[in-house]
Each structure stands twice: as structure tokens, then as C-alpha cells.
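Engineer: Fit chain B with the ligands to the supplied structure of chain A, relying on the hints for placement.
Protein sequences, first through last, are from chains A and B.
In this text, residue positions in the first sequence follow the numbering used here: the first is 1, and each later residue adds one.
In this text, residue positions in the second sequence follow the numbering used here: the first is 1, and each later residue adds one.
Hints may contain errors.
Computed spacing ranges between beta-carbons, pair by pair [as the list claims (entries may be wrong)]:
1. B:Asn11 <-> A:Ser183: 49 to 59 angstroms
2. B:Phe106 <-> A:Pro236: 52 to 62 angstroms
3. A:Leu6 <-> B:Ser98: 35 to 45 angstroms
4. B:Leu275 <-> A:Gly76: 44 to 54 angstroms
5. A:Thr254 <-> B:Leu112: 56 to 66 angstroms
6. B:Arg96 <-> A:Cys24: 23 to 33 angstroms
7. B:Leu275 <-> A:Glu129: 53 to 63 angstroms
8. A:Asp128 <-> B:Ala274: 24 to 34 angstroms
To list a few chain A residues with every Cβ distance to chain B over 10 angstroms, as calculated [what the hints assert, rightly or not]:
9. Leu6
10. Tyr20
11. Gly76
12. Ala125
It is worth saying that the hints were derived from the structure and are not from the lab.
The beta carbon of each residue, even a glycine, is placed where N, CA and C say it ideally should be.
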Amino acid sequence: MNDDSLSNPVMTAHKVSVTYGDKCAVRNVSLDIGRNQVLALIGPSGCGKSTFLRCLNRMNDTIPSARVEGTITLDGQNIYGKKQDVAQLRARVGIVFQKPTPFPHSIYANVAYGPRIHGLARHRADMDELVQVSLARAGLWDEVKDRLSTPGTSLSGGQQQRLCIARTIAVNPEVILMDEPTSALDPIASAKIEDLIDELRENYAIAIVTHNMQQAARVSQRTAYFHMGDLVEVGPTDRVFTNPQQRLTEDYITGRFG
Amino acid sequence: MNRRVLRKIKNGAFLSLSLVATLTGLACLAAILWTLISHGVSGMSGRLFTQMTPPPGSQGGLLNAIYGSGVMTLLGILIGSPIGVLAGTYLAEYGRNSRLSLTIRFINDVLLSAPSIIIGLFIYEIVVVRMGHFSAIAGALALAVLAIPVTLRTTEDMLNLVPIGMKDSSAALGAYPWRTILSVLYPAARSGIVTGLLLAIARISGETAPLLFTALNNQFWSTRLAAPMANLPVVIFQFALSPYNDWQDLAWAGALIITVTILVLSISARVLLALLQAQRGS
Ligand SMILES: Nc1ncnc2c1ncn2[C@@H]1O[C@H](COP(=O)(O)OP(=O)(O)OP(=O)(O)O)[C@@H](O)[C@H]1O
Ligand SMILES: [Mg+2]
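Isolated chain A, as found in the complex:
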């Protein structure tokens, strides 16, 4: 099943199960996240993709009924260990959600929010630079450089999503998780985000949940297929899409399912 264990993964999930109350949402999943590559998580609605993704930076801690078993390591360190500081973990593993949610602040303050929390810029000039670099990496700088003090909410949906990506990049994470980041966007805005993901791969490890097969094929190097809480198959994207080894995967990819 896990036919391509990576030699030097940045994150490793080992036998991870998640339950909400007595409902099991993710069952016994072992999966690596490789450096400088994009991992796509695909599967029918409700199969546990978001749940698994949210385990990777402990966003599930905010849901009282959620319980996580198994181990997840980041650079070899157990992120569910007693010594792990959750705020610190989230600075290293950022997440971008489906719906862009700019804070009720200016564009500048949206990007500066994370760095301020973690004390990443000592002087105003450092912060200015960090904000500019983050916006530039998210491909938004040219569009907003003259209006940094206007509200983040005044941007279009696609721009807001790139602002959220800039906000995540600004704390300089090692891993970026994305949960259907383009499902609320039109094709042009989606294409921009896809290009961006491809560029971000140079510096970050990325895991992205998507319902769009073409998108998964375009942006990812590895693909994992989930089905009702189980990880059915994981492998190089080309292989999974052209020559899936499991019947379930094939049915889903060819559109006979979900």
C-alpha cells in the first residue's frame, strides 16, 4: 500500500487514527510528506482528507470531541509529544483553508500578524521587508503594493486567498497544508494559485486536499487516495493516475465513483 516510503521525509504519519466521539474518521493511516514536493490528498467527500490534514499541525486540538492516535513526526520529533509547543508547531506547519478569511485588519497587518506573534521582526524596516517578501512570494505584491493600508476584505476572492497564503508564508514554515484552497475561486484565480503552488515547492513541502483531479495531476508529484477513512493507495502522481493499483482508486479517478 505505502509503496513509496520516502528516504528523507519532512513529516511522517505512522498508524494515525482519528475519532470524533465514537465515529472513526481516519483509520490507521501511515503516510510521508516529502521535502520540496507537493502531495495531493484525494478521495470522495467525507473520507477524512481534511481530518488527516488537520492532524498535521494539530488543528484538531480545537475540536473537543476529536481524538488522535498514532504518531506524527516533524523532522523526527513527535508533534503530539508532551514537550511540543502547539504555537511553535503551527509556525512550522502552516495551513490555508478552503474559504479565504482575512482578519479585520489592513493588508499589511494581515501579513504581519504571524511574525508579530512569534517576534520575527525586530524593527519596523525588518517587518516591512518581511511583508513585502511574503506578498511577493504569494504573487500579490504588484497588485497591492500601493494599498497596503486598505482592509484585507477589500480584495477579490482570489486575491484574498493569496493574502492568506502570504500570511502563512510570513512565519516561514517548513510545511504548508492546503485544504481545497481553490474550490471557492474562479478558473483564472485558481490557475494563479496553482502556479504559485508550483513555485512554492522550491522552498516548502506542501500537502494539498483537492476534489479537482486535473488540479491534483497538474500540481502534485505524489498522490494519496483516501476512501472512508482508509488510505487506499499512495504513489507518484503519474503512476496513480495512469496505472492505479487499487480498484477503488481506479473507479474514483475514472469518475465511476464519488
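Structural biologist: Same frame as chain A, but now just chain B with the ligands:
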């Protein structure tokens, strides 16, 4: 065909009913305002704001009462609203469904609809009786107790309206809950929380019963918080019931002052919020 006609009739009937209800409400409001203005304006003069409440038959104003109302309302809000806002924050962000929050929420709802005279009696028992006399501070405390449930409820409701994604995004950047609350949730819920504060001010600045048992009244100029203090509601109550014409005129003028103050306060706060919002977004 038949059904369509029926639907149209139903729609028309419902529309006219809501219209009648709206118009009735507006007409009552207009009538109240009109009475207030027509009676109050005749009593309006510069003396109102420069002289103290007079004995019957001589000239005077409402200065001591206006000052007292201002001071006690301000103190009431300063004491009550932080408690209300913080408790509302606890219910919305930390407690949620714990046994403690369910209890607090229930008690708060009771408090919200409790007759204000009972609040007055409560403060009378625990403050006035112990001090041995009426005082402005007792009045402010009674008003604070009235302000708590209003601000608590609106704060909780407004925080619950903030999209969950906003909170998650802040947590996802490594913010602890206190920082998320201060830097994201309060700004996002700002206009709602401020509206709650205004509601509280409007509610307590017109209350008579709780002050009757606590601050009572004072014919003279007094700024001592430990002594009885004049205030508009009690003066209005006393003067309006009196047989003296000049006292009655002052009562009308006082009622107009309270109403106009609240109106101006609400409108200017709304304008201010709109300006702020245009500047900083949502
Ligand atoms: N907060 C929650 N409380 C209880 N059950 C939940 C919660 N969140 C998700 N679940 C359940 O866990 C299962 C997996 O949900 P999850 O959101 O991970 O699916 P998903 O693969 O992301 O689906 P989608 O593609 O629709 O986003 C579902 O059956 C869902 O009902
Ligand atoms: Mg999902």
C-alpha cells in the same frame, strides 16, 4: 390558477398585517416624541444647565441632576460593562457548553428580564443598609448590575457570529486564544459589542427604580460619591408627580434631555463605527 390567486391573497394579507403593525409602532413612537418635545421645549432654557433643582415656586434648573445622571451612568458602565464583556467572552470562547456556562447563561437571562426595582432593593440591602445612608456609589453599583446582562448577552452573541474560519486561521498561525480574542475576534465583532454598550447606556440612563433605593436624590450640588446624589430619572419622577407647574415643566425638560442625549449618542456612535469600518474593513 386557483392556487395562484390564493397565494396572492395570502401574500397581500400578510403584507398588510405587517404594514399595519409597523405603522402602529411608528405612530406610537411619533406620538411619544411629539408629546415629549411639545411639553419639554417650553421648559428649555439656559437655566436648566446652570442652576440647581429649585424648591417649589422659585426658579431653578437641573444641573445637579444632569451631573449626577452623567456620573452614575458613566460609573455604572465602567464597572458593569467590563464584567459583562469578559463574561460574554468566556461563554463564547472558553466555556461553550460546560455546566458552568449553562448556569451562567441561565442566570444571565433571568437577570436580563428581572424588574429593575429588585436590583435596587438588592443594592439597598447590601450597600445602603451597611453604609447607613444613600449614596451615589450605591446608585452606580445598581446601574452596573443592570448593565452586566445586556453587555454579556450581546458580546456572546456577536462573538458567536464571527466566522469559525477566522478563529482557526489565527490559531493556525500559532496564536494562543487570548491573542486571537484580542486581535481578531474583538475587532471583528467590534460594532456589535459597541452596540451592546450603547444599549446598556440607553437602558441604565433612564432607570428610576434602582436609583430610588440607592442614590435617592439631592437638592444641592454634590460631587461626593459617598453621599446621596441628584439624578434625572428620580427628579423627573418626583417633579412630575408634584402639583407645582414649574416642577412639572422641569420634569418634561429632563425627559427630553435624556431622550435627546441617548439619540445623539446612538447616532454619533453609529457614524463613528461606519467611519472606522470604511477605514479598516468589515
Ligand atoms: N467536527 C467534527 N465532528 C464530528 N464529526 C466530524 C467532524 N468533522 C468531520 N467529521 C466527520 O469525519 C468524517 C471525515 O470528515 P472530513 O471533513 O475529514 O472529510 P473530507 O474528506 O475532508 O470531506 P470533504 O471532501 O467533503 O471536505 C466525516 O464523516 C465527517 O462527518
Ligand atoms: Mg474537507
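Engineer: Checking against the hints above, which ones are violated?
Structural biologist: Of the numbered hints given earlier, those the structure breaks are 1, 7, listed in rising order.
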